[in-house]
Structure formats: C-alpha cells, structure tokens
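Chains as they are written, first to last, in the working numbering: chain A, 62 to 399; chain Z, 62 to 399; chain H, 62 to 399; chain V, 62 to 399.
Hints should not be assumed to be uniformly reliable.
One copy or two, it doesn't matter: identical chains are merged, so the pair holds either way.
Unchecked claim - When the alpha-carbon atoms are kept at most 20 Å apart in a straight line, the in silico SDA-like pairs for lysine to any residue are as follows:
id : residue 1 : residue 2
1  : Lys213    : Val79
2  : Lys256    : Ala229
3  : Lys262    : Asn399
4  : Lys217    : Leu172
5  : Lys382    : Val393
6  : Lys256    : Ala232
7  : Lys382    : Met394
8  : Lys131    : Gly69
9  : Lys131    : Ser196
10 : Lys131    : Ala70
11 : Lys131    : Thr96
12 : Lys213    : Phe177
13 : Lys262    : Phe200
14 : Lys382    : Glu392
15 : Lys262    : Gly288
16 : Lys131    : Thr274
17 : Lys256    : Tyr291
18 : Lys366    : Gln115
It is worth saying that the hints were derived from the structure and are not from the lab.
Number of protein chains: 4
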Amino acid sequence: MLVVMQAGADAAQVENVVAAIRELGLTPHPLPGATRTAIGITGNTGAIEPERLQALSGVLELIRVTKPFKLASREMHPEDTVVRAAQTAIGPGTFTIIAGPCSVEGEDLILRTADFLVSRGVRMLRAGAFKPRSSPYSFQGLEFAGLDILAKAREKTGIGIVTELMDAAHADAVEQAADVLQIGTRNMQNFSLLKRVAVSKRPVLLKRGLAATLEEWLMAAEYVLAGGNYQVALCERGVRTFADHSRNTLDLSVIPPAKLLSHLPVLVDPSHGTGRRAFVPAMAMAALAAGADGLLIEIHPEPDKAWSDGAQTLDFDEFDKLLASLRRMAEVMGREIN
Amino acid sequence: MLVVMQAGADAAQVENVVAAIRELGLTPHPLPGATRTAIGITGNTGAIEPERLQALSGVLELIRVTKPFKLASREMHPEDTVVRAAQTAIGPGTFTIIAGPCSVEGEDLILRTADFLVSRGVRMLRAGAFKPRSSPYSFQGLEFAGLDILAKAREKTGIGIVTELMDAAHADAVEQAADVLQIGTRNMQNFSLLKRVAVSKRPVLLKRGLAATLEEWLMAAEYVLAGGNYQVALCERGVRTFADHSRNTLDLSVIPPAKLLSHLPVLVDPSHGTGRRAFVPAMAMAALAAGADGLLIEIHPEPDKAWSDGAQTLDFDEFDKLLASLRRMAEVMGREIN
Amino acid sequence: MLVVMQAGADAAQVENVVAAIRELGLTPHPLPGATRTAIGITGNTGAIEPERLQALSGVLELIRVTKPFKLASREMHPEDTVVRAAQTAIGPGTFTIIAGPCSVEGEDLILRTADFLVSRGVRMLRAGAFKPRSSPYSFQGLEFAGLDILAKAREKTGIGIVTELMDAAHADAVEQAADVLQIGTRNMQNFSLLKRVAVSKRPVLLKRGLAATLEEWLMAAEYVLAGGNYQVALCERGVRTFADHSRNTLDLSVIPPAKLLSHLPVLVDPSHGTGRRAFVPAMAMAALAAGADGLLIEIHPEPDKAWSDGAQTLDFDEFDKLLASLRRMAEVMGREIN
Amino acid sequence: MLVVMQAGADAAQVENVVAAIRELGLTPHPLPGATRTAIGITGNTGAIEPERLQALSGVLELIRVTKPFKLASREMHPEDTVVRAAQTAIGPGTFTIIAGPCSVEGEDLILRTADFLVSRGVRMLRAGAFKPRSSPYSFQGLEFAGLDILAKAREKTGIGIVTELMDAAHADAVEQAADVLQIGTRNMQNFSLLKRVAVSKRPVLLKRGLAATLEEWLMAAEYVLAGGNYQVALCERGVRTFADHSRNTLDLSVIPPAKLLSHLPVLVDPSHGTGRRAFVPAMAMAALAAGADGLLIEIHPEPDKAWSDGAQTLDFDEFDKLLASLRRMAEVMGREIN
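Next comes chain A alone, as it looks inside the complex (with noise of 0.2 Å):
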C-alpha cells in the first residue's frame, strides 16, 4: 500500500496520516519526493481497511500493491492446479472439450449427444437443469427432472457432467448429478453460494462475471479455496463492452495474466462468448493457441429447433469439423486433446 500525499501537503499532514498507519498497526515509511510525498505501508494490509485514509487532510490517493488473492495466486503455489473429474484432467499438456446443449431438454437429446460425444472422445458433458434466463417467461429449464436425465446419461455412457449450480437449495441434487459444478457469471459474486460449493466434494468451474476484473475473478475463486475446495477451474465467456459486433466480447487476452497470476486452469466458453454460430469455430482454435486448457461449447443435433442459445450452437457435423481442426493445432502445440 502506498499513500501519495498532494504536492501542497505540508509536515503536519504527513506525519498525521504516518501516525494514523501506526494506529492501523502497520508500518509507515515515507518517500520524500521533488514534488511530493509518498509514503511506503508495510504489514499485513488485508484484514483492516487502509482505504480510510485517503480521506486524511493532504492525501491524494491510495494505491495498492499486494494483490489481495492468496490461495489462488500463483505466488504462492507455483505448479498449475489440475482439476480432475470423470475421467478427465483439466490442466497442462491437455485440451478439454466439454460439450453439449444449452439446455436440457430431453432425455433424447441429452443421451445422443452423450453417445456422440463419447465417439468422438469427448469425456465431459455440458448442459443445464436450471437456467438462469433475463426473463422470468422464458423457459427455466426442466430443473430437477434435468438433474435425472443428466444422471442417467452419465450411468449410461460414462460421460463426466457439468451442469450450473444457481441455489444453494439445489446443492445437495446436483451434486449428485453431476461431476463439476458450474458457477454462472451472474453468480461470480454471489457469495453465499460460493460458500456453499467451498465446501464440495465437487470440483468448481467458476465463470468470469460479465463486468469483473481478472482480480474480481481470483478473489471469486479465492471464496472457493478459502474453504476448503481446491478443485477451482475458471472459465472466460465473454465480457461487457462497448463492442456490438457479438453478443459480448470474448477477452482472450485474458488468458496469459490468469496463467500468470494464478495456478488455476482457464478454459474459454466462445458459443456464450460470441452468441453467433459463425464466430464459434475461430474463437475456439484462438482459445487453444492462446493457451486456454479447454472449451465449454454448445453443440445440439439440430440447433434451429433448440430451446435456448440455438444461435450460438454448432451442430454435431460442424462440431466434428472444429474438433479435426483442433486436435490438428493441438499436436503442433504439444497438446493432447481430452
């Protein structure tokens, strides 16, 4: 923490606001400048609140230095967290594919994307029971009896489940039906319910907020660690810009300073990122060669009929095109598909 003082602040301001940091219990050293005054904190800045002194006579701002993420900071845990589950491992030297349609819809639907995706060596499915939608007329998803169909898919075919979390409530149930728990973006900060899957047995796949920093996002998980569940993927799905040509805007750029942060796996959702069918497939090869560790992407056999999200979703050819180009790339890179 570094406290400037304004270029006017004379020696009793300075020494008011070194003695507040004393109060504080940290220490102060000040850093006379040609201008101004800056003035070093050291301690342990995270359990109170040094913000208060930007409010001091002669302050003119405050500026943090420690990066408040702990547990999820690379720092202090060097080596990349593999999160494991079904049969998969999210994490370095592989590429995961979770796949499947927005929503479930049938028990029909869910078991051939099953079987597809098994023949085509895909280990985990995507698709969700609840939905979170803008509006409370469209359709909600088929809830618990979704959580049924997922369960079956997966007794029948092997297949590893991913499915959204959006109620503590529901915990219990779809930690039943499912491998890995999907945090939502419009839950990346709802904390009751990252308290809740803290305490897991299920690994967490934790979406980035549709307007929160890569330190919003951190600190999210760091909920997740904090108590106790290790097991934390994060998953870049688009952001809120100004840009108006796809739905939101996929911020793969994003990527190399998680990976540099942070020890946890990044993978890349580019149907939700894109919102357009057509984006899909170049977003998805830029998440590999960007160095994401896998995708969440929407297939459906027949996207024009589907419930949700149809635009955004590839159908089982295109899907079987993408994943041809991607294990290509990923060979080049050293990356094995999984």
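Following the hints, complete the assembly by docking chains Z, H and V onto the known chain A.
Just chains Z, H and V now, kept in the frame of chain A:
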C-alpha cells in the same frame, strides 16, 4: 422482431425464413427493399426463441422490436408507482433520503445514527448486516446480530430500515428486521433471490448490476413484479466502465430513460457511485436535478473509523450541509424532501 | 513511480532493478515488505520511460505515482482559470450557455438563432461549419461558406461564436470567424491539431474523447497549455460504454474529479451526451447541480427539419423553458447564467 | 430503417409518421402488431437523416437496418481484397509479419533490424518517425530525419516500410519513405487525414480506434475507399474496456465478424494490444488461429533500452522463437508466413 436478409439472399432463402417464422406460430411480413429484404414478425414473440432464425441461410441479422418487460413498463402502467415504507412515500413529488453507515458495526453506532436522522426529519436508515465483500478475508457483517440491532433501532426511534438480503436462507429474518429489502448490485440477476423477494410483503430496492443495461435491470424488476410484489424501487449505484476517475461510473443519464420506459421510482447511491467522499455532495445534488426520486447515502459519525467504505462516507456535519442544499434545491423544483 | 517485485524475487533481482533505476538518472528507495519488496523511485520521471523497468527479471508491476500533467493541474495552479470570450467569462460564479444548431445550414437559420439567443441574454452561439461525420456520404458542412455566415452573425448581433476546427489547414479561417475554437471528441488526441491551437490567440474548447480517461483529457489540454495558450475549457459530451439507453453515456461524475485535479472550467454537452431531445433538459439541470461551468447545447427553430442531429435538438420553446429552470436553480446555487 | 411506435400510439400519430417518411422521399410500410405498430422504410436512406423521425409524437424508437458502409462491405465485393506492398500480399492464404521497433531511434537500430528481418524472410518493417504521445513532454519521434533513415533502410535492404502518418502536412514526405501509410488509433476518425490518404497511391493500414465499433471502423475505411484508394488493411490493436489486466483489451473476437461483413484484410497488433512483452506471443498465435491476415509486432535488439514502449517489445531471440511457432501453426492451417 425483424429479420434482415443479406443483400444477395435469393427468393428461396427468403421463403425458407418465412416458413420458419410460420412454424414458430408467428406471422411473417416480407418487406422487399432496394438492396435487401427485411421480414417483419408479428405475434407473441416472448414465449419462444426466434433467435434461432439468425442461423438460417441468407439471414444477416435479427432485430428485436418489442421490449421484453411488461409489468415494469410505463406502456402497461402509465402512472408512477409510489413505494411506501415506514412513513415514507418514494415517488412523484418527494425526494426520499435513506442514509446510514455502510455496515452495522454495533448498537451504539446504529442508535446514534438513527437518532441523528430522526432529528433531521430523515425517516429511513440503511446499514448492512450481511455484507457482500470481494475478499473472503474481509469483514462480512455482524449478520443476525446486526439484524437484531436494526430491529431495536426501529423499535426505539420509529425509523424505517433498509438492509441487504444476500441469501434466500436469511429472508425471513431480514423481513422481520427491515422495512425494505435491498438486492445488491452483485445479485441483480440472482434469479433465485429475486423469486424469493417476489413473494415478500416488503418493498424491494433493486440496485443496478455493474454491467446491466437498462433493459436487463427492468427485466430483473420484472421477476419481482411477475411474482406479485409490485413495490419495487430501482437504485442506480454506478456502473463499470473504462473511466478510472472514481470507483464506479455513476450513470445519472439512466434516470430520464428509466422514467420514460418504466413507472418505477429511481433512487441514486452517490456513495458507491463515486467511492469518494469529496465527490458525493455534487452527485447527490445532480441526482435530484436529474429527476431521481431519492438517495441512498452513506453517513457515519466518524467515517475515518468506519469498518468498511469509510472513504466514501460523509460525517454528520457534511451530511447536514448537503441536506440543507438539497432542501433549497428541492423547493425550487417543487419537490419535498422526506 | 513504484516498482513492485514478485514475492519470490531474490536479492540479485532487486539489486538489478535498483541499478537500472540509477542508470536512468533516478533515485531508488527499496522498501522490503513482509511478502515482497517494492522500490520507490524519486527524480524527474517525466522525460524518460521507466516503463522499461517492467520487463526486468523479478518485476511484478510498475505503479506510477505522479500525475503527468503539470500546467493543467490544480496543484501547480490552485485558482480557477477563467476563460474569456466575447463578453462572457467561463469560470467560477457563472454558468455559461453556448447554444445553437448542430450545423450552419444557411444564413437565415444562423441569424434567426443569434437574434433569439441575444434576446434571451445568451452570448455565445455554437454551430458547425466543418462537420465530422462517421459516413463519407453524409453532409460535411457548408465549410468556408459556413464560416462567412458565422462571421456575419457575429458582426450583426455581437454574439460570440464557437465552432469546430477539424483541420490545421483551416485554422486561420476559423480563427477569423470564431471567438472560441472547438476541438471535437474525435480529435482530442490529434496532437498536430492541438499544437496548432496551442499557438492561437483564441480560447480552446476541448471536448473529451469517447474513451478518454480524465488523465488523457487533461494531457490533451496540457498540449495546448504547454504551447502557450492558457485559455482552455473542457467539455464533457458523453463517453462510450456498454450502456445503450442513450447514444453515449454522459459522464457527469467526471466533474468533481476534474475540478479537484485541474483549474480549467468544465462545460457539459447534454445534446451529444444523450442523443435524445427528451433527455436533454434533465441532464442540463444535473450538469449545473454537479458543478459544471456551463452548457453546450443544440437548439434549432425546427429541429425535425435540421440537417443533422435533429433528434437531440431542442426547439426555441423547449430551450426557453429549460433556461427558466436553469435560472431558478442557478440563483439558489449562487451562480449567474451568462 | 424501421420506426417503432409506442404501444399507445393512435392512428393519427402513425399517419403523421407515414407522411413524414414520404416527405423525405422514402416509402413507408406500416406493420400493425399485437401491441404496437412498426413502420418499415425503404428507399435510399443514406443521403438523408431519418433520425429526425425519432422525435415525432408517438415514436418509441428508430432501428436502422441497412449497414451504412458500401465499398467496404462484403455484400458489394464478395471476394477478399489483397493488399500489395513491397513484395508482400496481405490477404487469403498468407499471414504477413510486419515487425520493428516502436520508434525510429537512429540509423543503426533501423538497419540492424531490417537486416535481421530480411534474414528471417520478413519483408515489412514498421517503425514510427512521427509518434503520437499522450504527453507533450514525451519524445515525439525523429520526424523527417526518421523518414530519411527508413528510406535508407529500404534502399539498402529492399525491406518494405510501414510508418504512421499523423498530419496531412507530412503526407508527401511519408509517401516517399513508406510503402504503407499507417493511420493510428487516435486518428481513426480524423476525417481530414482519411481524405488525404484516400488520394494516395500507397496502401493504408487503418488501426481501430480505442472505442470504435466495427461499423465505425469500416466507415473510416469507407472514407479511404470512397476517395479512390482501394488498398486498405484493417488492424486491431486493442480497445478500451473496464479490464485492467493489460494496457488495452485486444479484441480478437472482432476478426470473424469483420471478415463476414467486409472483404478487407485484418491484421492484429499484439504489442499495443497487450502492452506487455510476456503476453505478446500467446496473442500473436491466437491472432493466426482466429483468422487474422497478419501481425504488426514490436521488436528491438535491446527492448529494455528502447526509447518508447520497451515493456511490450520482443527482443530478436523472442521474436525468432515466436516466428518458429507461427510457422508450425500456419503450416497446419494451410497459410504461408510472408
């Protein structure tokens, strides 16, 4: 809904889209233009997902015409909604002040603040018992003990209580202690929580999400209205943009369009909106001038010692000064501070 | 400037950075902390590029402390600047109205508008002779003929003229016709143009760029001040965000920090800021309440027939009504409309 | 163009809008719906400003259907444009590398870099003689002396030169020294400058503005095409968003829609896009995978001593390593590095 065809789309492609629209139970209206054909769609497009039309051959883009909110829209409900809580009416003709510390730090603080507010004619106190914090290591609020303190302040002083509900599991307790249930910015699209407050007898104060469009915000309100709770007030509290001159970008410009499209009252939170004490009074005045229905504002007898958000909190003297300025301006505008 | 080292950085890495700082002619101040070392830098960091330190081994990040603007900063120039043009003083105690049509459409329009404004006590007319248009196929302004019309209006009515300079090649002609040179939002960082107006005898009205931070805006002003022209007024006109409820997002929240950091007056353009006539009056009132020094506002006798921007333009009656409201509010605030 | 009426609009209001559309020389097509009427407009809406319809009584909003760009659109020009400069073809089948230091610091640096690039089979060198800098106190480039150095490097090594044109007054000199004229991000909507390069014989590399939508970017290209210069390449270099994990947000997701809507080649600048050396290679690879036509990338023999932008600049070894990776990936994708 309007389907815009590519310039080179041929008659068969147009016919195919027309057929798909009919299959959805809707009525197509082809509009051949100089360079391209557009196809208007009439019928109830709310229940189904015409987005799938986007992926049909020859389609350039899909343009939605009808706004998806109904109960929240002024078209359906031309007169302004008045939200009534404690002895206050939030709505036309008044400008409602809701003030208090960021968090319930203890009984003394709350009682002292309540007494102060009552002495100034302010009838609603805000303070958080449950606090959403970016870091799991930050103070999370006094929780249920905090609710007890708020209830006691209400009993002793008659002041109305506004406090945040973060978790449906706390809803009964929060309803007992509070006159207004606040849904925080991070939970604006926590649909489970919205469905819970939709069946509450308490009015709801719905903060705008950090990256919520006006339409998404009104759709979140629609969840509450659709569940049967018509007492909803909106609260602008700053959105996330590239601008770094304040903690968030307080979007006062949303007030006139919100008032045009909806009948719900709109409050403004200049404390979270700016994140800095020195900027709060100017934004509070501007909120009144822009047509807001009131303020949610942080005050504390000793902001520099506040446990959270002290940097954006006014002390009692600063609040008194602001209140005097607001009263003078409200009088000119024919509004009454309550 | 502060260099933050990685948590695991060793003594050799710290020493290497310290040496690099010295090589730049600056003074390093190592600050060993509990988890990492930070190194404060003092000396004149403006002329060189300490950013290169970021790439040194063991460096986590670089944090700049000193603001780069000098002549524009309030620290260097505590008293408010007053910009004087025509018979107007833009600055403390006044609230200056600059009104007129988007573009110079003809002599009749300009003379009629000038007469109207003079009759209302407004002393500055704005209208574009050269128009920056997104499309090469849109009306680009009457250009030099437009300047002649503006000059004639000034001669006949005594009104001051504000008009945009888009090209250094037009500067002499624009200086002759105008009292204030407007730099448009798209040219805020057209440094060649800024250098040209920096040697002008005319005051400059510098619009904020669509994605300009406050610092970048003040640095653009610094270009003008550094060239010797101290008569600069800033003008907020909406920035680009995700919000789609208005054409741009009018950022009134920039006013208090702009006033804190700089001594330059700040105007607001609610017409471009909102893009919609119905939203203009509320934002004009809010600008006054927020502490702005005046307005740039589009009016036209028949907005529906305006050649450009009619949708955001007030007619004379609407303007009269707004002016009356502004006068009432200005009186309460101790400001004089001029 | 589509005019959407308010739900409660009556027949007279609809008729009034219909009449206003006819008065503009356009054809109205009323579309009565269940809750409201929409009115389609056909005819040439480019030359006039139907925006004025928005302000008519009973109008809810105006929706534009036709994209305003024509020459830049793929609909008008289905085959990909190939931009030819030096011995390079930027377009389908190739992936063009344009590399070099941020600024021309001296003859040695440029000749050394040109020799290095030629030895690696790279045929285009980028370096700035005129530098747009946020601060008037920063190094502004060697200017005309820099152009001479670039011309000499071309003469000696045969390498093609890409350099920025900041001011129409320098255009003749820059055209002599350069094979491609770069329009920088801050000048994307400097329409005077665009009109100047529109009459140049040199190809134009048009960087995307910091807050430019795809449509605005293509409209800027349209200025150049409309003036008669069809050799335009686009360059994505990062946009301005809330994200703070890198200097700008490199928007690779714009590539597929840009390719869909336009026939112009799209390059990517991962150096400015990320602002940080460690992030450049991953984004360069992702650009290739996403379908870009090439890279603009900063290299320097000793980045830590570069006069500007050293923190985002690769050294020659890092560039060699990246080039090898790009070649391997390009081969798999059926593209040739040139």
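**Message:** Of the numbered hints stated earlier in the document, which are not met by this structure?
**Reply:** 1, 3 and 13
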